[in-house]
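Novice: Using the sequences plus the hints, can you model the full thing?
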Amino acid sequence: MITSQSSWLLLCILATLLFISTDAHMAMLYPRPRGGVGTTGFNWRIHQFVGFKGYKFPCGGFGLGPNTDLEAGQVVNVRFWSSAMSDKKDTGELPPKNIEQARHGGGMCEFSLSYDGGKSFHVIGTYTKTCPDAAFKWPIKIPDNVPSCNDPGKCLFSWSWTANLMAQFYHNCADVTIKGVKDGALPKKTIQIYDFKGYKQDVTFDGDGNSHSRGSGPIESEVEANTR
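Here the numbering used here is used: the first residue of the sequence shown is 4, the next is one more, and so on.
Keep in mind that the hints are not guaranteed to be accurate.
When the alpha-carbon atoms are kept at most 30 Å apart in a straight line, the in silico DSS-like pairs for lysine-lysine are as follows [claimed, not checked]:
hint	residue 1	residue 2
1	K122	K56
2	K200	K157
3	K91	K144
In short, the hints are calculated from the structure, not lab data.
Specialist: In structure tokens:
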């Protein structure tokens, strides 16, 4: 027999699960993004998708964040954060593999550089199907021939994600300084932008079907393509 007390307990459990499943979205953890974990300007909204309750493109609308020094030819091991993880600091370690994370089935992640403060983003790497996932590192190489960039607020390392199970677009930016080469050039390909006002709507990408648990990690052929 279901009592009123047990019914209330069941409702509480369901509400908690709903909160977790809808609020444990993904964000970039390293390079440390504007508004991200470990910054003085940490904002819980860092994990939200563009268009949700005013979350803006580009970079969520957050102001200048901490700087990460990068250089041409360097491989950056990008890491992700789920709002089920600590919001106090980045330990540099990967979380437990059973961490709750709303991966929305994976999808398509693009990594890019901007030298104009977010007016344009030039793709330097792409992962599909299994991305993002906080249980793994995602290597991305800064191209050998990019120019230097040391103008605060203008030089950005960006992550963007179009999910598989939800027509949602996520975007984070890390402020960086890049030691490049003389007369260098940025890649011509720019990021794909979907699913909020003014851009193509209701777009999803093939994923791995794992909505709230870890997947199998980066596809080996894509790791090779993103680091060579």
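Novice: So, for every hint listed, does it hold in this structure?
Specialist: How the hints compare with the structure:
no.: 1; hint: K122 x K56; in the structure: holds, 22 Å
no.: 2; hint: K200 x K157; in the structure: holds, 24 Å
no.: 3; hint: K91 x K144; in the structure: holds, 28 Å
Violation of the numbered hints given earlier is absent; every hint is satisfied by the structure.
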